[in-house]
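K.L.:
So you can see what is in the structure, the chains are spelled out below.
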Amino acid sequence: MNRINVISKKLYKIGLVVSLAIFLLFIFYDIHNLESNSKRYLSDHYISEGVQETGAINIVTSVLYDYRAFDTLGEATVLLTAAAILSFLVPITKDKMRGTPFTIIVSQTTQVFIPFLAILGMYLIFFGHLAPGGGFVGGVVIALIPILLTITYRVEFSEYKFKPDKKKVSEDIGAIGFVLIGLLGILTGSNFLANGQANVSLGDAGELISAGLIPYLNIMIGIKVGAGLAIIFNSLIKEK
Amino acid sequence: MLYFILAIILLAISTFYRVIKGPSIADRIMAMNTIGVMFLLVLVLLSFYFERKIFIDVALVYGVFLFVNVLILDKYFSKPIKEKVGD
Amino acid sequence: MQISYIAVIILFCLGIYTIISNKNIIKMVMGFTILESSLILLLILISYTPGGTAPILDRQYEIVVDPIPQALALTTIVIGGSVTAVMLAVTIKLYKRYRTLNVDKLRKLRG
Amino acid sequence: MIDLIFNMLMIFLLITAFFMVFTKDILTSVITLPIFGAILVVIFVILQAPGPAIAEAVIASGLTTFFFVITINKTEYEQNE
Amino acid sequence: MITPGFLYFIGAILLLFPVYEKLKYMLSFLVTVAAIIITLHLIPGYSVQLDFLTFTLVPFKVDNINKLTGLIFAVGGLAAVIYSISMCSLSHLRLIFVFIGSALTAVFSGDLFTLYVAWELMTISSSFLIIMTSDVTKKTGYYYFLMHVAGGLSLLWGIFLQYSATGNFSLNNIEVGIPFFMIAIAIKLAFVGFHTWLPLAYSKAPFYVAVILSIYTTKVGVYVMSRLLSGINSLAYAGLISALFGIAMSLKQKRVLKLLCYSIIIQVGFMIIGISIGTTEGITGAIFHLVNHILYKTVLFMVVGVVIYTTGKDSFENLGIMGRKLPITSIATFVAFMGIAGVPFFNGYMSKSIIKEAIQDPILTLGLNVMSFGTCIIFLKFIYYAFFKNSDRKVDKKPPVSMQLGIGFLTVLMLLVGIHPFFLENLTNMHVDLHYFDKKHLLSGIQPFLWSIPIFILFKKYIVKNYERFLYFDIYLNMAKLFMTTGYHLSNYHDGKLNKYLLWATSTLIILLLLFMF
Amino acid sequence: MEAAVWVIILPLLTAFFIGISKVYVKKIFVPLVISSAIIYLYLLILVINNSYPPNVYSVGAWRLIGINLMVDPFSGLFLLIIALLFLPVIIFSVKYIKSYKHEYFIFTYIMTAGIAGMVLTADLFNLYVFLEVSSLSSCALVALKKTNKGLEGAYKYLVMSTLGSFFILLATILTYYLTGTLNIAEISLEFNEIPFKIKSALMAFFVFGYVLKIGLIPLHFWLPDTYEDSPIPYNVLSSGLVMKSAVYALIKVLYIIFGIDFLDKSGLLQIGVFWGVITFIVAHLLAFQQSNLSRLLAYSSIAQIAYIMIGLFVGTEGGLIGGNFHILNHAIMKGTLFLVTAIFYYSLSAVNIEDIKGLAYKFPILSFTFVVASLAIVGLPPFNGFISKWLIVEAALESGFVYAAFFILVGTFLSLTYYLKVIITLYTKNDKEIVVEEPGLSLSLPTIFLGSLCIVFGVVPSLPLRLINKIPTFLLDNGEYIRVLLGG
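Residue numbers (numbering that gives the first Met the number 0), protein chains in the order written: chain U, 0 to 239; chain Y, 0 to 86; chain X, 0 to 110; chain Z, 0 to 80; chain P, 0 to 517; chain A, 0 to 487.
Honestly, the hints are just simulated from the structure, not real lab data.
These figures come from a predicted structure and were not determined experimentally.
The beta-carbon is built from N, C-alpha and C at its ideal position, and this holds for glycine as well.
Be aware that one or more of the hints could be misleading.
[Stated by the list, open to error] Under the rule of at most 25 Å between Cα atoms (straight-line distance), these lysine-lysine pairs were calculated in the DSS-like manner: (1) A/Lys428 <-> A/Lys356; (2) P/Lys499 <-> U/Lys12; (3) A/Lys361 <-> A/Lys431; (4) P/Lys397 <-> P/Lys312; (5) P/Lys312 <-> P/Lys251; (6) P/Lys312 <-> P/Lys257; (7) A/Lys361 <-> P/Lys138; (8) A/Lys469 <-> A/Lys94; (9) P/Lys480 <-> A/Lys356; (10) A/Lys145 <-> X/Lys107; (11) P/Lys397 <-> U/Lys8; (12) P/Lys496 <-> X/Lys22; (13) P/Lys251 <-> P/Lys388; (14) Z/Lys23 <-> X/Lys104; (15) X/Lys95 <-> Z/Lys23; (16) U/Lys9 <-> X/Lys26; (17) P/Lys496 <-> X/Lys26; (18) P/Lys496 <-> U/Lys12; (19) P/Lys480 <-> A/Lys420; (20) P/Lys496 <-> Z/Lys23; (21) Z/Lys23 <-> P/Lys499.
[To be verified] Pair by pair, the computed Cβ-Cβ distance ranges are: (22) A/Gly478 <-> P/Leu52: 22 to 30 Å; (23) Z/Ile10 <-> U/Met121: 37 to 45 Å; (24) P/Pro178 <-> A/Ser348: 43 to 51 Å; (25) U/Tyr28 <-> A/Arg62: 49 to 57 Å; (26) A/Arg482 <-> X/Gln1: 35 to 43 Å; (27) X/Lys22 <-> P/Ile177: 54 to 62 Å; (28) P/Ile177 <-> U/Tyr28: 55 to 63 Å.
Just chain U, with the same shape it has in the complex:
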């Protein structure tokens, strides 16, 4: 009896999921038949005018950091919240992670690797408006430095090099910087997070120093994400 019960429950679950799939299939099929590709005037506008309006040749970045920069503010806040949650869930005592010790080869490799990581991160951040990547990805790559230190040496060493308090503060500074750069728009008489409209010189598209405020926003996000992810990782490692 119990067995039948279990099986019927499982069948019920599968039935639910399959019916959901059928519904989705119907919806997608209907949508597919609609010929909706004509409705792209917004993105067409971005593609045709984006480079001129924002000065960034990476349209995704210009959408992310200029047209829809408010989303990015929210996204950064989510990340900050996550980092704050993880850092406050951490107790004072440290937990022991079971793992194999690394040999000298790995630690040497790490030493070689770290400058490379720093340069890669910087590149991703500074060229955010020219190439794929941007503040977020660059921040994560920079955050790999403390992560690598943590896994090859130990948490103490990583935290000795990068103090948790300092990481927290730099995360906050990154977030504040984002908002403050946004406020520059208000100062110049335009709206919040305004870039080209606020008479910021956009420069020549394609140059490193161009696109007005976008690179600076990228830097701020980079700082924030780097610090935030380092906090998250180390917190998880220490989690008791």
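Keeping the supplied structure of chain U fixed, place chains Y, X, Z, P and A upon it in accordance with the hints.
P.N.:
Below, chains Y, X, Z, P and A without anything else, positioned relative to chain U:
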């Protein structure tokens, strides 16, 4: 060039068998690393195929993370050693 | 390429199935990851135009794919990652308290 | 041709996803997670979305895997001993 | 013009400030007397309009009937407050003020909305009066509150139906939702089947609370019934049944307070009959009976209160102390008894005569006689214990002056109304074309009383005997049990299993999709 | 309207500065928190005053191609709720919260920013982002005490809210695919041409996603769990703002994007009213069984939200006024109840109903406040809950939902049963000697302020109704919204 990509992907799929079957964790990590490297190659090849050099960035970042990934999997998933090492 | 929408549907439903049927907390979190991936895949799929190229306009291109869904996908990826991190942290915390990963055993709250 | 590659990748994606969900051993499914992420990265690149591809490489096959590894190390792994 | 109810509310608010003893006395005296004076000087036909939300309300409207009712409420308020002031705490006094104020507001309200608000305020304040007195009364208060809120909600539903059908809040022509108005009023009136709260509340609550409750709760019901449901003839029989039930129940009681409670049900039966006739005479008679009833029933409650205060219990044996040791109380008891029995030249007589005169139906006349007769028998038991049975109880403490003052005040009023019945008519210009003191009415009035005395003497040992408590059956308790078990089973489904919950969620999604897409 | 964007930025900036002050300048913490809350109140009043006629603030000055913030009477109402609740709760928590003080305030401010963003934004994806901000931070607040129950509640909350978010995201993506834009007004215009079936499927996803956060039966299960062992001042914001913001988003999406005609045609109005009726009856039955005060109040919240949903789904002018007024009233009443509970907890750590026995004689004024608020939430006159329930019932009757109207009255009776239980326990004398810690003025003053609002809004309902009366025309005819957003 696309044939190369296709071949690599087929190889990757066949390597995935090791992940499914692999008796030990180390086998699986190794297989995963292999597949990762194959995809790294695919990314680079695709960049050439599309003639967009910026796609190389993706491969670069992916490569970095593949390295760290394998490191972390190695460190924490291989059989623990009785002495307390690392945190 | 339109056939790959089916893959999105399958992934989505697989994620839902994992969440509702798996009793292991970590597997549930994994289900959320799959769910999130399927939505990102959907975003990228709808951004794609056949013959288009990436929206990085270092020179003039004929057809460029839609940049907006890509931006949305970036945001979604970050949010999803943050949520996953928080979930895993809570998971560890719960494990330390209840000494189990079975969802059905977390039953202090009831009634 | 590129369509064929794309479809192969989709099938591979589904295989990994199903394997990830239905395998009993949680370590295996975590090892599969970066493969899943990598396939997504390649798919994104084929779909001309390098930005999301990088982000996916960073988050899904990077950080999320780290988090999972640590979590399992602290929970399941302890249980096994 | 200020409404008397508002005055009481102001008094309650003033009492919120820290008031010391003497000021408390002064304030309550001032408020109650001022309320009487204001009520006396109200001019029938006056009304106040107020815009509230989207509708125009008439929170204050005076006519003859409610002026008289308001007057007797104000008088009762004065007497009750004087009676109880030495015993009750400040918070109680506040609640009493709110209670009296809302009762007065209900009486003077000119639309259903105000009526409902005042109705619920009465419920709230009286329930808290019961709840806050002692730990014994908590359950009673719970029960009382729930019953009354159920009644209030029934009234509200009636109001909604009426409002959506007619679009105004007029009190006069209720067309829709009459059953719901009936239920509401039946609960307030302690009609048979809805009466369970009354004996519970009045006997458990402290006596001064019972005094105050007995003045207003059921009487507001009577007043509202006269406004909303007058002229539904079939209700007269219901009132008769209710009264007969009251007689049967009150004969069985061991405790004096309970006897008084059931006798309220009987008296309310009179009023229901009067109102349901629907003629002017009938309604006037009912309202006059309401006035008289308030007078004597309050006195009786107060008297029992004195007994409880002095001896600590309210069993029949304790009544004996009245005969010798408490002269004012004894006189008051006697006057009240004569009044309730409807003996000519006492106050109950006049209103009973009016109602009797108004009735055309022979069955109802017979029933009315039976009711009078039953009332007499019940209260003869009371009198028997008070004056004829020897009692060895001792008086521990003397009742305070304020209590006796309250009793005395009402007794004087009773005598006044009894001897000069036109006093009430003149006061409010409600003239009934009736010669109270002609032979026919005198004879019919005194008959039940005269008959009851020999019968009481004959069947004394059956009547005086204290019966065992009958099996107590309450349908509402069973309903509550059903409610509790349902809730228990439901809460068992919430066993904390996340997978189960998620399954519910997904099923909901599928159902939603099905519903919307097909 | 510069102030509109400040409403979102200021709490964010405050949260970031609190993060810095935790490490370096510890002394400025309390002044920072309080002064920011006061400035925030001023800003909110400024925005609310300018909420009619509606106006648009374009972030980045991009107008239609960027993200816009829309200040309209409907969002003005929510800002009013924030204005009424936020400062009292902040003042309350400065003394109340003892551990993880900085984190508590960081999360509270971020949560408020998220809710303000949800309320103001006129962009579908932005709505999702801010929804995520508010739900993640409120999840953190649930786990703040780090007790077993708190963590478990946080986990359940996280799972449910993430699931809901994914469905909302799915619907958002499909909407973008169909219309090529994310601006709500443009979507609304484009939606006229979309076939009925696709629209209803999208609506099902939106409804499911948001209702998961609102917590109608049977999607309510996570809600009481999050209330049970979380810091109680957070519960005030949770029931007053977080749940309500989901209601707000749902109503905005449904009424503005889909339009009332479509809702009527697809049968959502009927389904919604029926769903609401079921929900509050079951919630009342369940609330009676609870022994934990917070949990009881949580179930009561579910029931009250169901009333709100009935009011909003009736689909007439009166219903919208009633529902919106009940949103405001419920925030105030539940806020009062939770704050009183918090003081009880603070004074003798009592959360179970038996524990509060006899406390009325220790805290006479606070208990009176509790009684007032609970009678108001039951819906007895002359308190504010009565007025809004009256309006809802009237609207339901007018538009033919007679059963809903009748059951609301039945629900009133059912809710009285358990609130009266609590009140009676409060007023029962306790034999044990109770040692209490004095709450002090900073705890009791906000409570009494909110409690007095219950009476004030009951006696003078025209005060908030002046704002609320403008909402229905605005929602029922989405033309004005579209015109303002596109052209104004």
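K.L.:
All hints, please: hold or fail.
P.N.:
Hints, verified against the model:
1. A/Lys428 <-> A/Lys356: Within the cut-off at roughly 7 Å; holds.
2. P/Lys499 <-> U/Lys12: Holds. Lysine 499 of chain P to lysine 12 of chain U sits at ~10 Å (cutoff 25 Å).
3. A/Lys361 <-> A/Lys431: holds, 13 Å
4. P/Lys397 <-> P/Lys312: Within the cut-off at roughly 15 Å; holds.
5. P/Lys312 <-> P/Lys251: holds, 18 Å
6. P/Lys312 <-> P/Lys257: holds, 13 Å
7. A/Lys361 <-> P/Lys138: holds, 22 Å
8. A/Lys469 <-> A/Lys94: Status violated; Cα separation ~38 Å.
9. P/Lys480 <-> A/Lys356: It holds: about 24 Å lies between the C-alpha atoms, which stays within 25 Å.
10. A/Lys145 <-> X/Lys107: holds, 14 Å
11. P/Lys397 <-> U/Lys8: Roughly 77 Å between the alpha carbons, so the hint for lysine 397 of chain P and lysine 8 of chain U is violated.
12. P/Lys496 <-> X/Lys22: Roughly 10 Å between the alpha carbons, so the hint for lysine 496 of chain P and lysine 22 of chain X holds.
13. P/Lys251 <-> P/Lys388: Roughly 19 Å separates the two Cα atoms, so the pair holds.
14. Z/Lys23 <-> X/Lys104: holds, 19 Å
15. X/Lys95 <-> Z/Lys23: With Cα atoms ~22 Å apart, lysine 95 of chain X and lysine 23 of chain Z stay inside 25 Å; holds.
16. U/Lys9 <-> X/Lys26: holds, 17 Å
17. P/Lys496 <-> X/Lys26: It holds: about 16 Å lies between the C-alpha atoms, which stays within 25 Å.
18. P/Lys496 <-> U/Lys12: holds, 15 Å
19. P/Lys480 <-> A/Lys420: holds, 15 Å
20. P/Lys496 <-> Z/Lys23: holds, 21 Å
21. Z/Lys23 <-> P/Lys499: Holds, at roughly 21 Å.
22. A/Gly478 <-> P/Leu52: 22 to 30 Å: This hint holds: roughly 27 Å between Cβ atoms.
23. Z/Ile10 <-> U/Met121: 37 to 45 Å: The hint (37 to 45 Å, Cβ to Cβ) holds, given that isoleucine 10 of chain Z and methionine 121 of chain U are roughly 39 Å apart.
24. P/Pro178 <-> A/Ser348: 43 to 51 Å: With a Cβ separation near 50 Å, proline 178 of chain P and serine 348 of chain A satisfy 43 to 51 Å, so the hint holds.
25. U/Tyr28 <-> A/Arg62: 49 to 57 Å: violated, 36 Å
26. A/Arg482 <-> X/Gln1: 35 to 43 Å: holds, 37 Å
27. X/Lys22 <-> P/Ile177: 54 to 62 Å: This hint holds: roughly 58 Å between Cβ atoms.
28. P/Ile177 <-> U/Tyr28: 55 to 63 Å: holds, 57 Å
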